[in-house]
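Asker: My request is simple: use the sequences and hints to build the entire structure.
So the protein sequences, as listed, match chains A and B.
Per this note's numbering, the first sequence starts with residue 2, numbered consecutively.
Per this note's numbering, the second sequence starts with residue 17, numbered consecutively.
The hints are simulated quantities; they were obtained by calculation from the structure and are not laboratory data.
Mixed in with the good hints, there may be bad ones.
Some chain A residues well away from chain B (every beta-carbon gap over 10 Å; in silico) [stated by the list, open to error]:
1) Cys4
2) Lys5
3) Met27
4) His30
5) Arg32
6) Val33
7) Cys34
8) Ala38
Mimicking BS3-like on lysine-lysine, the simulated pairs with C-alpha atoms at most 25 Å apart in a straight line are [to be verified]:
9) B:Lys142 to B:Lys154
10) B:Lys188 to A:Lys52
11) B:Lys142 to B:Lys188
12) B:Lys77 to A:Lys5
13) B:Lys154 to B:Lys193
14) B:Lys154 to B:Lys188
15) A:Lys79 to B:Lys77
16) A:Lys75 to B:Lys188
17) B:Lys193 to A:Lys5
18) A:Lys36 to B:Lys77
19) B:Lys77 to A:Lys52
20) A:Lys36 to B:Lys158
21) A:Lys5 to A:Lys36
22) A:Lys52 to B:Lys142
The C-beta atom is built at its ideal place from N, Cα and C for all residues, glycine as well.
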Amino acid sequence: MNCKECYRYLGEYVDRTLDDCALAEMEAHIRVCPKCASLAAELGGVASLVKSLDRQAAPSGFEDRLNAQILHRKEEAKPGLLRRLLLGVPPEVYGYRRSLGPALATVLLTAAVGTSLMFTNYNASGDAAYINAVQQQHVTFASANPLSDESALILSDRMKELNEPL
Amino acid sequence: MVSTDAILVLRCQEDDSQAFDEIVRQYKDGIYNYILRMISNRDDAEDLAVEVFVRAFAAIKSFRRDSNLRTWLYRIATNLCIDKYRRYGIERKKLVPLEREYGDGEIRPMDLPDTSFDPEKLLGQKELSDQIHRAIAKLPEKLRAPILMYDMEDMSYGQIAEVLGCPIGTVKSRIFKARTQLRRMLLPYVQNT
Ligand SMILES: [Zn+2]
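Answerer: Next up, the structure:
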């Protein structure tokens with residue numbers, strides 16, 4: 002093995018992932034080549050330094066913040082007042098007289114058509130049914146999430162950018 | 017043999033909420049540490065780590081059973097870190113993306129050691145860690161991500177390739193490049209050990 006070949010294997014040598022045969026050749030070269038020996042030692046030293054960094058644990062209360070955030074997203078994904086009226090949720094719950102519910106719903110029907118498309122996952126008729134649907138699906142806010150589909154992820158521009166040659 | 021992770025995912029897909037809690041318990045520290053080392057800001061790191069699990073929760077139903085949970089989570093985390101950088105833009109890149117919290121509560125950017133650094137000076141472990149962290153923060157993110165996953169998260173070349181969606185050979189060469197760049201930045205410490 003010469004210095005050039007040695008350099009090619011140096012990364013794996015430092016990472017200790019060389020097979021026995023290549024490892025033996027590397028070690029033989031390093032024994033007689035001070036230049037490669039010191040480079041290998043320094044790169045090994047770098048690896049040790051990085052490995053020596055302390056692992057920081059997630060801050061306390063992490064789970065609470067996560068659960069709050071998940072609940073918050075579910076709330077955000079929840080149908081609004083208009084949708085509820087259209088779907089017949091008792092309007093007094095929201096401070097309207099029952100008789101106004103259907104009338105209001107009729108007036109606003111046209112405007113609601115576009116909006117209602119956003120809630121195609123939702124076909125239940127009340128909060129309990131809605132919550133149940135969310136619990137069943139978890140996906141109310143996943144539809145707009147590119148990460149919900151791994152194949153989309155693989156093709157994501159960000160990854161492509163990261164994988165451009167240096 | 018079915019892995020523990022695969023069982024956890026299966027349980028999540030069957031609406032067992034305790035299974036998701038278990039996933040969070042198992043991976044939150046690793047994910048948080050990885051993000052913190054990637055972006056060098058504690059508050060942002062916590063926000064992003066929470067976001068990783070929010071997205072995982074939202075998408076776990078469509079998680080493919082032949083995928084690997086760990087690499088999937090790190091992939092989400094890496095994506096979020098890169099997005100964060102894009103938003104910060106060039107300005108942040110020019111500065112070393114690392115801050116140090118001083119006793120007075122003020123946060124000031126830190127610089128790498130100048131050439132007058134005296135290797136004989138005895139360094140405290142905390143100071144040494146800061147220097148290493150700063151050097152890693154100076155790496156381009158495409159080198160920083162694999163070196164962190166390899167050295168700090170104990171992932172294999174293959175797992176890192178899965179996270180980054182690139183060939184194993186690319187992972188190897190990036191880790192090597194990262195090490196050679198770090199060697200230049202940390203030479204006084206390396207030679208001192
Ligand atoms: Zn040599």
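Asker: Against this structure, judge whether each hint is valid.
Answerer: Now for the hints, and whether the structure bears them out:
| no. | hint | in the structure |
| --- | --- | --- |
| 1 | Cys4 | 15 Å, holds |
| 2 | Lys5 | 15 Å, holds |
| 3 | Met27 | 14 Å, holds |
| 4 | His30 | 17 Å, holds |
| 5 | Arg32 | 21 Å, holds |
| 6 | Val33 | 22 Å, holds |
| 7 | Cys34 | 18 Å, holds |
| 8 | Ala38 | 14 Å, holds |
| 9 | B:Lys142 to B:Lys154 | 18 Å, holds |
| 10 | B:Lys188 to A:Lys52 | 17 Å, holds |
| 11 | B:Lys142 to B:Lys188 | 29 Å, violated |
| 12 | B:Lys77 to A:Lys5 | 50 Å, violated |
| 13 | B:Lys154 to B:Lys193 | 13 Å, holds |
| 14 | B:Lys154 to B:Lys188 | 19 Å, holds |
| 15 | A:Lys79 to B:Lys77 | 19 Å, holds |
| 16 | A:Lys75 to B:Lys188 | 41 Å, violated |
| 17 | B:Lys193 to A:Lys5 | 16 Å, holds |
| 18 | A:Lys36 to B:Lys77 | 54 Å, violated |
| 19 | B:Lys77 to A:Lys52 | 35 Å, violated |
| 20 | A:Lys36 to B:Lys158 | 29 Å, violated |
| 21 | A:Lys5 to A:Lys36 | 12 Å, holds |
| 22 | A:Lys52 to B:Lys142 | 14 Å, holds |
In this structure, the hints that do not hold are numbers 11, 12, 16, 18, 19, 20, in rising order.
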